[in-house]
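One line per chain: the protein sequences are A and B, in this order.
The first sequence: position 35 = 34 (numbering that gives the first Met the number 0), numbered continuously.
The second sequence: position 95 = 94 (numbering that gives the first Met the number 0), numbered continuously.
Hints are supplied without guarantee of correctness; some may be wrong.
Unchecked claim - Capping the alpha-carbon separation at 20 Å, the derived lysine to aspartate or glutamate pairs in EDC-like fashion look like this:
1) B:K117 <-> A:E81
2) B:K117 <-> B:E128
3) A:K273 <-> A:E252
4) A:K272 <-> A:D255
5) A:K11 <-> B:E6
6) A:K88 <-> A:E63
7) A:K4 <-> B:E4
8) A:K272 <-> A:E284
9) B:K127 <-> A:D191
10) A:K4 <-> B:E128
11) A:K140 <-> A:D240
12) B:K117 <-> A:E79
13) B:K117 <-> A:D84
14) A:K88 <-> A:E252
15) B:K127 <-> A:E81
16) A:K11 <-> B:E72
17) A:K280 <-> A:E231
18) A:K140 <-> A:E21
19) A:K273 <-> A:D255
20) A:K11 <-> B:E77
21) B:K13 <-> B:E77
22) A:K28 <-> B:E19
23) A:K4 <-> A:E48
24) A:K1 <-> B:E19
25) A:K245 <-> A:D191
26) A:K11 <-> B:E4
27) A:K68 <-> A:E145
28) A:K70 <-> A:E48
29) A:K272 <-> A:E227
30) A:K4 <-> B:E16
31) A:K280 <-> A:D207
32) A:K4 <-> B:E30
33) A:K280 <-> A:E236
34) A:K280 <-> A:D259
35) A:K4 <-> B:E19
36) A:K28 <-> A:D159
37) A:K1 <-> B:E77
38) A:K280 <-> A:D240
None of these hints come from the bench; they were simulated from the model.
Every value quoted in this text rests on a predicted model; they were computed, and no experiment measured them.
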Amino acid sequence: MKPVKFDYYSPKTVDEALTLLEEAGFDGKIIAGGQSLVPIMNMRLSSPECLIDINQLHDLQFIEFDSDKVKIGALTRQAEVERSDIVQKHLGLLSEAVPFIGHVQTRNRGTFGGSLVHADPTAEIPLSLMALGGTLHIASKEEVREVNVEDFFITYLTTDIMPNEMLTEIHIPIEQERNGYSFYEISRRHGDFALVASACQLTIDHLDRITNVRLVLGGVEATPLLIEGANEWMKGEVLSDSLLQKVEDIVDEMVDPESDIHATAEYRRHLSKKLAVRTVKSAYERARGEANERS
Amino acid sequence: MSVHEIEVTINGKKYKEQVESRLLLSDFLRETCGLTGTHVGCEHGVCGACTIHLNGSAVRSCLIFAVQVDGQEITTVEGLGEDGQLTPLQKNFIECHGLQCGFCTPGILMSATDYLQKNPNPSVQEIKEMLSGHLCRCTGYVGIIEAIQKTVEENSNHARVER
Chain A
0 MKPVKFDYYS PKTVDEALTL LEEAGFDGKI IAGGQSLVPI MNMRLSSPEC LIDINQLHDL
60 QFIEFDSDKV KIGALTRQAE VERSDIVQKH LGLLSEAVPF IGHVQTRNRG TFGGSLVHAD
120 PTAEIPLSLM ALGGTLHIAS KEEVREVNVE DFFITYLTTD IMPNEMLTEI HIPIEQERNG
180 YSFYEISRRH GDFALVASAC QLTIDHLDRI TNVRLVLGGV EATPLLIEGA NEWMKGEVLS
240 DSLLQKVEDI VDEMVDPESD IHATAEYRRH LSKKLAVRTV KSAYERARGE ANERS
Chain B
0 MSVHEIEVTI NGKKYKEQVE SRLLLSDFLR ETCGLTGTHV GCEHGVCGAC TIHLNGSAVR
60 SCLIFAVQVD GQEITTVEGL GEDGQLTPLQ KNFIECHGLQ CGFCTPGILM SATDYLQKNP
120 NPSVQEIKEM LSGHLCRCTG YVGIIEAIQK TVEENSNHAR VER
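Put together the whole structure using the sequences plus the hints.
Written as structure tokens, this is what we have:
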């Protein structure tokens with residue numbers, strides 16, 4: 000399995016990369032970690048005429064704490080996110096989700112931004128970002144525009160990014176109130192694509208009543224599925240069996256998974272309901288400062 | 000621009016070569032440099048046989064193009080031991096029957112070496128998770144896990160003596 004021929008460029012600045020992108024038009028493709036792109040090129044499912052390698056753009060490789068948010072450069076390796084004290088302290092959800100991505104050896108090379116722009120519907124980083132909220136900074140020769148994560152994913156492997164644009168950094172807000180998070184996924188083997196994954200980020204008040212909740216499911220739709228409206232019926236409530244039952248019912252109503260060689264639609268539906276309940280429960284317990292260990 | 004000249008340091012030695020942009024690093028190491036210790040299995044990042052160190056981190060050489068490593072440092076399995084001596088980890092692979100046919104071994108050695116440098120005292124579960132990035136069809140992994148555990152023990156005994 001060898002890829003077809005292509006032209007290769009290794010720009011040294013973001014500006015140079017954007018100029019190359021502009022010139023290449025639809026034939027150009029950015030390579031960063033290449034952990035998804037190179038396999039599909041090796042299998043000849045993709046054959047870009049021109050590869051623009053951004054691995055020398057070290058300005059895009061950082062994790063920064065900035066009062067009410069954390070900024071992550073698009074070229075930051077997944078392994079760096081996994082080991083980051085800033086992420087561990089302020090974005091626990093990401094710390095929990097990243098170890099599920101592929102394997103140590105692919106996380107050493109794969110990037111945070113690459114996972115977002117690849118937009119695999121089962122991928123851990125898109126799912127987590129959807130639960131955390133945040134903005135993506137997208138640069139072209141003309142401008143840098145900011146897009147909310149809710150508007151970023153369009154469909155399978157398709158995002159809001161135009162051929163002449165590239166993702167440069169991601170800003171993720173830090174929750175100031177009492178909050179908890181949870182991520183869980185089921186796959187056939189560790190490192191395989193998730194059959195279903197669930198991420199939950201929530202906040203509670205001093206009486207343990209839920210004040211805000213973001214529950215997201217992956218692997219059930221073409222893009223990460225934010226359970227919209229969850230806030231309306233969970234806000235002001237203390238977690239109870241009947242509330243968890245409602246989570247299960249609403250998820251059952253909202254998801255419409257497909258069958259494939261890995262799992263039937265019915266099994267994915269079952270997993271969606273159970274994982275949603277599990278992550279809401281575990282996030283809530285974390286927010287209350289209870290068990291940090293998942294049973 | 001589909002042919003490029005690259006200069007790369009492999010196991011401490013400099014190589015200056017012309018490469019086609021589509022040449023995979025794994026093929027460059029084996030065919031251009033003659034370093035056949037790096038094995039090629041699946042060529043899409045699943046089996047782990049081609050794992051090498053790029054600037055000190057274990058990565059898949061089948062998922063990187065040779066042209067991308069211009070000016071960088073690589074270690075392959077040939078560069079693990081010094082002066083023809085095996086490393087303690089390699090010796091323990093022999094000792095604990097951590098290999099049979101040997102196809103997966105170079106990749107696992109590279110991963111485990113990097114992993115133990117960054118996590119000197121891993122649990123069995125953590126060792127298993129690290130190994131999930133490698134396919135071995137001979138050993139059932141038991142011998143491999145034992146070899147890594149034995150190395151961890153020896154390293155910690157060693158550290159204690161030094162203190």
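Here is what the structure says about each hint:
1. B:K117 <-> A:E81: holds, 13 Å
2. B:K117 <-> B:E128: holds, 15 Å
3. A:K273 <-> A:E252: Status holds; Cα separation ~14 Å.
4. A:K272 <-> A:D255: holds, 12 Å
5. A:K11 <-> B:E6: holds, 17 Å
6. A:K88 <-> A:E63: Holds: A:K88 and A:E63 sit about 12 Å apart, inside 20 Å.
7. A:K4 <-> B:E4: holds, 16 Å
8. A:K272 <-> A:E284: Given pair A:K272, A:E284 holds - Cα atoms ~18 Å apart, limit 20 Å.
9. B:K127 <-> A:D191: Since the Cα atoms of B:K127 and A:D191 sit roughly 15 Å apart, the hinted pair holds (cutoff 20 Å).
10. A:K4 <-> B:E128: violated, 36 Å
11. A:K140 <-> A:D240: violated, 53 Å
12. B:K117 <-> A:E79: Answer holds: B:K117 to A:E79 is near 12 Å, not above 20 Å.
13. B:K117 <-> A:D84: With a Cα-Cα distance of about 15 Å, the restraint between B:K117 and A:D84 holds, given a limit of 20 Å.
14. A:K88 <-> A:E252: Violated, at about 35 Å.
15. B:K127 <-> A:E81: holds, 18 Å
16. A:K11 <-> B:E72: holds, 19 Å
17. A:K280 <-> A:E231: holds, 18 Å
18. A:K140 <-> A:E21: holds, 8 Å
19. A:K273 <-> A:D255: Satisfied, since the Cα-Cα distance of roughly 15 Å is no more than 20 Å.
20. A:K11 <-> B:E77: Violated. A:K11 to B:E77 sits at ~32 Å, over the 20 Å cutoff.
21. B:K13 <-> B:E77: holds, 15 Å
22. A:K28 <-> B:E19: holds, 18 Å
23. A:K4 <-> A:E48: holds, 7 Å
24. A:K1 <-> B:E19: holds, 12 Å
25. A:K245 <-> A:D191: With a Cα-Cα distance of about 30 Å, the restraint between A:K245 and A:D191 is violated, given a limit of 20 Å.
26. A:K11 <-> B:E4: holds, 17 Å
27. A:K68 <-> A:E145: With a Cα-Cα distance of about 15 Å, the restraint between A:K68 and A:E145 holds, given a limit of 20 Å.
28. A:K70 <-> A:E48: violated, 32 Å
29. A:K272 <-> A:E227: The hint holds at about 15 Å.
30. A:K4 <-> B:E16: It holds: about 18 Å lies between the C-alpha atoms, which stays within 20 Å.
31. A:K280 <-> A:D207: holds, 13 Å
32. A:K4 <-> B:E30: holds, 18 Å
33. A:K280 <-> A:E236: holds, 13 Å
34. A:K280 <-> A:D259: Outside the cut-off at roughly 29 Å; violated.
35. A:K4 <-> B:E19: holds, 8 Å
36. A:K28 <-> A:D159: Given pair A:K28, A:D159 holds - Cα atoms ~15 Å apart, limit 20 Å.
37. A:K1 <-> B:E77: violated, 25 Å
38. A:K280 <-> A:D240: holds, 10 Å
The structure fails to meet hints 10, 11, 14, 20, 25, 28, 34, 37 from the earlier list, while all remaining hints are met.
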